[in-house]
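Novice: Protein chains in written order, with the numbering used here: chain A, 1 to 178; chain B, 1 to 654; chain C, 1 to 111; chain D, 1 to 504.
These are computed hints drawn from the structure, not numbers from a lab. Keep in mind that the hints are not guaranteed to be accurate.
[What the hints assert, rightly or not] Short derived list, chain B residues pointing at chain C, Cβ under 10 angstroms:
no., residue
1, 610
2, 612
3, 628
4, 630
5, 635
6, 636
7, 641
8, 644
9, 645
[As the list claims (entries may be wrong)] Stretch by stretch, here's where chain B covers chain A in the computed footprint (C-beta under 8 angstroms, at least three residues):
no., region
10, 47-53
11, 92-103
For every residue, glycine included, the Cβ atom is placed at its ideal position computed from N, Cα and C.
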Amino acid sequence: MYDGTVATLFFYLFAVASIALALGVVLGRRLLRSAVCLIGVLGSSAGLILVLGFEFIAGIQVLVFIGGIVVLLLFAIMMTSEGHTFEQRPNAARRVMGGIVATAFFVVTLSVYWNTDFPLVSKEGLAVSHEDVHAIGRKLLSNERDGYIVPFEVISLLLLAALIGGIVIARKHDPEDT
Amino acid sequence: MTGFLFENAWMIPALPLISILLIGLFATGSNARAAGIIGSVAIGTAFLLTCGLGLSYLSSAAAGASAVTWSIEWLRYQDHLVVSMGTLIDPISLLLLFVVTSVSLLVHVYSIGYMAGDEGYSRYFVFLSLFTFSMLGLVLAPNLLQMYVFWELVGVSSFLLIGFYYTLPEAIAASKKAFIVTRFADLFFLAGILVLGFFVHQLVVDPAWGGVSGTADQSAAATQALDFATINSERVLENLKGQAGIFGLDLLTVAMLLVFIGAAGKSAMFPLHVWLPDAMAGPTPVSALIHAATMVVAGVYLVARLFPGFAASGDALDVVAAVGCFTCLFAALIACTQRDIKRVLAFSTLSQIGYMMLALGVASAEHPAGLGAAMFHLFTHAFFKALLFLGAGSVIHAVHSNDVADLGGLRKKMPLTHATFLIATIAIAGVPPLAGFFSKDEILGAALDGEHRLVFGVGLFVAALTAFYMFRLYILTFLGGHKSDGAAKAHESPPIMTIPLVVLGVMSVCGGWIAVSQFVLPGVELHAHLLVMGLSVAAAVVGIGAAFWLYGGQSNRAQTMAESMGGIYRLVQNKFYIDEVYLLVTKMIFRFIAAPAAWFDRHVVDAAMNLSATVVRWLGARLNVLQTGQVQTYGIWMINGTILVLLFLWLVQR
Amino acid sequence: MFPTPTITHWLTLSALLFSIGLYGIFTRRNAVGVLLSIELTLNSAILNILIFNRFVASDDVDGQVLVLFIIAAAAAEAVVALAIFVSFYRHRHTLDVTQANHIYDQGNRTS
Amino acid sequence: MSWLSLLILIPFATALAVVATPDSKWYVRRWVALFGTGVVLALSLVMSLSYMQAVQQRGGDASVLTISQMEFEQSIPWFKSMGIEYHVGVDGIAMAMIVLTAIIIFTGVLASWEVKDRSREFYAFLLVLVTGVFGVFISVDLFLFFLFYEVAVLPMYLLIGVWGTGRKEYSAMKLTLMLMVGSALVLVGMLALYHAAGSQTFDLNKLAMVDYSRDLQQWVFPCVFVGFGVLGALFPFHTWSPDGHASAPTAVSMLHAGVLMKLGGYGVLRVAVYLMPEGAKQWALFFLVLTTINIVYGAYAAVRQTDLKYFTAYSSVSHCGFVLFGLCSLNLMGFKGAVIQMFSHGIMTGLFFGLIGMVYGRSKTRDLTKMGGLSKRIPWLATSFYIAGLASLGLPGLSGFVAESTVFLGGFFGNRWGDATTMRICTLLATSSIVVTAVYVLRGLSRVFQGPMTKSEFNQMQDATIPEKLCTGILVATLAIVGMYPPVLIDLIEHAILPIANRF
């Protein structure tokens, strides 16, 4: 799918969208509004992934990331503060400090990128994108040397633990509480 | 100089030491009475040993020979600076041995009576034996450091004896004062030892020097820097005189002056005399032994022992003469005005020691007659002054008061004490044929020989003063009416106290006839000075006449004379307020040095240490601000940290 | 008019997204807001991996497998975070992060 | 297993034995401690005799060698890689210090006969402290030296902090912190030397063979000197000593002033002066002036003190000044005087603090002004106090004089590197301290013991009990023996000092 001008166009479109929406998430005063912006960002980044040629991952992204996690966040927002509460702005020192840190990090990462020349794949390799979902599946469960079976088992344990933890913590255990 | 007595001369000082141990073990508590007997027996045998030693010395040894008959290595500082404990036998030390052992024996016997019934009885005799031990050790010392060791021990035992009645505040103050003043003087003595030790050692060590006798014989290796033999040898003295000391004086004079200050302190010469009058707070036999006959003459003995050094340095001798002469006059003036019987005698001792120092001062290498005269006067003075003190003691014992005002009319009440006291008074006044006359005459003669006109004049005047204040004391104490009921009820002291008085009386009478100065200076021809004899007798008569004229009859001529002099009389009576000046100086030293030192330590040095603690705590508090408890700040600092590390790595790598 | 995006463009984009997320984490006052920003940074991380997968190691799928794991972890993390926020809200009736500094013992603040 | 290791094992074993005795029989505990320390005392005396014989047999002219000869040597490799080994050996100086420590701990146990509360831990810590001290004196390996140095310093904190009086926590904290700073400096110096010598060995004698560069010694010497000086009560760092001693219980301040402060002097002699002659030559004059201040300043400060323990603490600051003064004169007599002063002052202060504990036990006050006329009721203690006082003011016939006269002569003789006049002025200033010492000793003692009885309840004071008599008796006897016949001590240390003196 990565073929010349259409891809470039989509890249810039999605790039601008994701940055704008990201700023929305971060600077937004109403929580619900920033949650929605987050959905937007994830959506546009799914598009970017498509531009990169990974349809499966883009699908997962939309399905799990947006569908699962962000929806969960929305529930949380609803349960705790009815979403529309007006969050006061953090004190100036914190915002300045945060800004400095973020830009400093950005500058440093950029300088790293600029100074390293990555071993790029040859020009023509770029065009051909033959995504192979089968290969993902096989690698995910193969137990040879470069297989991911162990992380796979571990991540399932992690998910189970998170599940139980979440229930235990959020359980109402003192009756007098509303 | 060989023979049993010489090799074991160390037994003489050892006997009192043994008596200390015996008393300490057996004569405490119930059978305390034995202490007196043990002490007296020990010092008695020591006295006999000394007589034996003296006789065998006179018969066998060449006149004036001096040798170290016994010594063991005591303290090894460095090669050529090895200090040993030993016994040096020569005329002066024999003379002193005889004086110390005889007077000490008599004082021991006298004390058995005087101190009877006192609850610190055995403690008294322990201290007395300790004193005698250290005095004998001092007399026999062959080197300067052993003399310093026993010098300090004498100081301590005098401190213990003065402070014997330790419940009386003035006795404590007097003992502390005595010890600290003498200690101050000993500081200079020690400085003198350091100077002599160093420069003589420097000389002895360098091979080119060639030993005491100029020839590098085997004795060179054995010469020790601080031995008297080494110090007094001409080659050492020349060398020392050649080197420059400080304040423009040559090294020898500086060393001799330092040592003289130590001697002046112990013999209570002018600036350091303040402790002797207060030392009368101790028991009277103690004053008799220590503050009349033995300890106070230690200074004179030291100067005599280092006489070649003093003679070689010349101006050191002039200082000795000056100090001696001034003290002699100064003390005699004060003695005329004192009311306490023991203080009069104390100042009279000061004056007589001034005489001895004066005699030493006028002597010189060419005609050392002064040295002989000083030793002769020391010999005679020991006896009649001890007699005066013991007589005063028996008077105080009977009347229980020191003040002349409530004595008087004791002639009939205490005949024996009166007789012996009168003999001693005549002796000290310098009336022939008694002892005082001969020795004082020799001193004045020596002064004339050495063309010291002024010193001779002062000496003559003081002779008159001495006669005056002694007879003033005699009249006020023994003649006239009973001035207090105590005096009325007085009765003669028990025989154990009067026998020593009689013995001392005999010695005071015939002491003068012994040719002591001839014994001390064998080679030197001594001629009598008829003119001087006449003048001194005249001075004595004038003094006695004045005393009888002023205090003789019932008239209060003395009273009127005192008022007429007005302020001067009170000034002299208060000892020219020197005590008060010293008190002020010491107070100031303590207030302006000791107090700030203590304050400085507590508030500055200590505070500095505490300051470092508070600084650390303050720093901790400042860092505490960072721990706000909010997760986000931690996040920020974490990222900052990573960025800084990256930057640093990047810089280093470039 | 627009140059075809090289890897540096892509990386700049993902870095920018990450920084915005960081800013959000440090400045949001509400706990869930912080969580949102965290999800944003996670997403930029995923993008980053895929960029490298595409431009550098285009013939193996490790990158994509890793992305799957990241998403799973993000889900787990979100669950636990929200549980904590819920119980925190129940106790403190607020989700303001700056109030949550109870680990800081006011006692020993001496100066 | 050379005899020396016994010197550490026996006290440690006694400590364990003391801990093992059950609380019901607490009085047995002091007998166990006494027995242990008694054995150590006997052992140390026997060893000093056999040391003397060993030196005679070895013979050889000591005045030529520049490396100190150790007897009863034994070394077991410990950390082979770093060249650290359990290397023990003793020479004359160490032998004298071991005898001193044995005497002080034996009399210390006697002096703390009445300690009842938690006596188990008290005796245990005391014995651990002594084990550390013995360890320092027998160790030849610098690492081992430092290890035992720390073992000796640490129990002080607990001993003062728990059993002390007055502001005990403050003093304990201050004392330990300042000593820690001192030992930190020492560690820095040691490691510098170790590194400069090629980091193969910590052995003292092997390190002594290396001649370090001048500018290394320029900064390492003051570092080590001040490090040990803090413990040896060097002038600006002495402030822990008055507070520390004032709050410490009797036996602890006996042990601390008597022995631990000598560790400072011993360390300076053994590590600073012995290993770094060049550094010593450059810095000697500076520290000489500092120690003169130490002596004179300590004496003057003592005059104003009204608390008996502060009075003695300041006097021991002044006397420790003599030790360091002797070391700074860098000649044979200076070193010999310093070592004799270490021994004699150890005994003297031990006696002083022991007696103060006993008087405090009876009069329940340490304030001079509140006490008076005690010598009628407690003659034995009064006489021992006076003997200690006279020893401290340097009366001949007691060991004080022997030490002080040697130090003064050493100072006056001076050396080629220090400017002669300043050294002589400093020596005369130091000599003038004997007058000030006389003043404050006599003032203090006469106010407590002489004069009329101030308080009526002092009347029922009884005189010294048997253990107290034994304790004071031993200490007074030692003072007198060394004072009257100094060759007893001088022959022991003479042979050991020559090698150190020959290095200059």
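Novice: Hint by hint, note whether the structure agrees.
Specialist: The hints, checked one at a time:
1. With 10 angstroms as the threshold, the beta carbon of residue 610 of chain B stays out of range of chain C, its nearest partner Cβ sitting at about 16 angstroms, so the hint is violated.
2. Taking 10 angstroms as the C-beta cut-off, the interface hint given for residue 612 of chain B is violated, the closest approach to chain C being about 17 angstroms.
3. Given hint, residue 628 of chain B at the interface with chain C, holds; its Cβ is 6 angstroms from that chain's nearest Cβ, closer than 10 angstroms.
4. Interface hint at residue 630 of chain B: satisfied, since its Cβ lies 5 angstroms from the closest Cβ of chain C, which is below the 10 angstroms cut-off.
5. This hint holds: residue 635 of chain B has a C-beta 6 angstroms from the nearest C-beta of chain C, less than the 10 angstroms allowed.
6. The criterion of a C-beta within 10 angstroms of any C-beta in chain C is met by residue 636 of chain B, whose closest approach is roughly 6 angstroms, and the hint holds.
7. The closest approach between the C-beta of residue 641 of chain B and any C-beta of chain C is roughly 14 angstroms, which is over the 10 angstroms cut-off, so the hint fails.
8. Interface hint status for residue 644 of chain B: violated, as the beta-carbon distance to the closest one in chain C is roughly 16 angstroms, over 10 angstroms.
9. Violation of the interface hint for residue 645 of chain B is found here, the shortest Cβ-Cβ separation to chain C being roughly 17 angstroms, above the 10 angstroms cut-off.
10. Interface restraint, the region 47-53 of chain A with chain B: violated (0 residues with C-beta to C-beta distance below 8 angstroms; minimum three).
11. Restraint check on the region 92-103 of chain A versus chain B: 4 residues with Cβ-Cβ distances below 8 angstroms, three needed, restraint holds.
In this structure, the earlier hints numbered 1, 2, 7, 8, 9, 10 are contradicted, and the remaining ones agree with it.
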